[in-house]
Amino acid sequence: MTTITAACAVFAIAVLLIILSYIAVRGLSSISLQFLIDTPKPVGEGGGIGNAILGSVMMTLLACVIGLPIGIGAGVYLAEFGENLFGKTVRFLADTLIGVPSIIIGIFIYTLIVLPMGRQSGLAGGLALAIIMIPIVARTTEEMIRLVPNSMREGALALGAPQWRVTWNIVLPAASTGIATGAMLAIARISGETAPLLFTALNSRFYNYFYDQPMASLTVQIFNYATGPFDVEHKMAWAATLILITLILAINILVRFLTRKRF
Amino acid sequence: MAQTGTTGDKVFRTVLFITAAIIVVIMAAMIFMMVWNSLPTIKTFGLNFLIGREWKPAESVFGALPFIYGTIVSSVIALIISVPLSLGIAIFLVEQAPKKIATPIAFMVELLAAIPSVVYGLWGIFVLAPFVRDYLGVFLEKYLGWLPLFQGRLTGIGMLTGGIILALMITPIITAVVRDILEVVPTQQREAALALGATKWETTQIVLGNAASGIAGAVILGLGRALGETMAVTMVIGNSPQISASLFEPAYTIASVLAANFAEATDELYLSALIEIGLVLFLVTFVVNAFAKLLVSRVGKRMHA
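Protein chains in written order, with my numbering: chain A, 1 to 263; chain B, 1 to 305.
Chain A with its partners taken away, still in its complex shape:
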């Protein structure tokens, strides 16, 4: 039986390595500095993903600015005051929200932001990513804060510190590495999201510095290149994927390193 179960494990690892090596080989053969700076051009004239990288960064940034404070705040609330009906409801809804397919979040933002505004925008894309981020950050923050020993809280309270000081100056710093790793995993997750951006941020062929306009993103660009009819486009899809996957793997490995040192 051990042979069969070991074969299962080997198969999974083989799939991982096959996928990664395809990305590495095909991606490396078509990547260049110009590719990272240029905007998409008509087929045959080269072109690149510069504006897509900028768009992804801008929307991820917006998602962090909105999602991190709300997510961390909600997580602290759940850990410190969440043992009531409201806390249980929030916890249940956060778990449910994590399970909602990301394309549904895209539809929600479409009806909420895109329809009233009359056009797709980086704002809508960033908001969709923020909604994906909030419950993930909230639940990891809650878990990390629960790991802080009660004796630390009691020690601070016994010294006369008010509750908010205890949470702000004692508990949060103690849990900060854990919260940061949770946030980083959430960023890795949203930077790979495509479905919620398809009809919220749409796409753009130009560098766009404003949130009220349609915005390109690395993932949507990969999707468009991959499903395009031309071989040049497919090459660019692999190259763009190499950039994306390097970022995501780097975050995951860094998180692994940080958490191993601590726990």
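Mimicking DMTMM-like on lysine to aspartate or glutamate, the simulated pairs with C-alpha atoms at most 20 Å apart in a straight line are:
1) B:Lys293 to A:Glu83
2) B:Lys99 to B:Glu183
3) B:Lys301 to B:Asp180
4) B:Lys99 to B:Asp180
5) A:Lys41 to A:Asp231
6) B:Lys10 to A:Glu83
7) B:Lys293 to A:Glu143
8) B:Lys301 to A:Asp95
9) A:Lys88 to A:Glu143
10) B:Lys301 to A:Glu83
11) B:Lys301 to A:Glu143
12) B:Lys56 to B:Asp267
13) B:Lys100 to B:Glu183
14) B:Lys43 to B:Glu54
15) B:Lys200 to B:Glu183
16) B:Lys43 to B:Glu268
17) B:Lys100 to B:Asp180
18) B:Lys293 to B:Asp180
19) B:Lys200 to B:Glu95
20) B:Lys293 to A:Asp95
21) B:Lys43 to B:Asp267
Don't read these hints as lab results, they were simulated from the structure.
Dock chain B against the given chain A, drawing on the hints supplied.
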């Protein structure tokens, strides 16, 4: 500092309460907006929307059955492949492998979950689909071709490839949950079985039996993910609204019809139809996930009690 205590506490707690309440508001707003925006088709078609087999946006005929069928069948294929695979990996990692090997393997399996859907899709189009067309499909046609499942034209793009991609994507998720569940099964159970003369494999079977409802929860959680997976499936399933017995034929899932058509839906009824199938997907994944959570958490509680 002591004087600022009570006011400070109130402000602090209120701010945190608001951030937590935002999650409730998001969920409520999401349900409201989706129901509100699908009212036009709910009023026009009623239940026929769910059982209609024709999907012709140009003629304002909307029947969602092909998408519901495609979603269910592709997810079932994914489960058939992924459940034994995930169970095998989890058993290997928890019950058999020494910790030194298990830790890096577990990490690598987790990395499979970190790969974005669109990347699976890209790989699916250019590596998996040709493999299915040239090898796997040919093999299945040769030996199982008497089944209607494995007949028809073999392009590599279709239901089977979609199901396989989904299987790869949900395997790390099911594996992780099963691992957690096996790890909370008390060591005494294993020791007791071994002491009674059970072999290692018989012991594992006892452990699996005791964790059965949690494993079922893990599988259902994987199902929830498979039902809602969008990009990778959209890229390899062929996007054709038909109900065909053949797994080689192109199909459509709820998530992929949304991804492929939403941006182009301009008239009100078409948009409403798409939002209504989105609502169907939302409700189904909601129920599936809640049920899975219940099963998984019950095991945790029972083992600790």
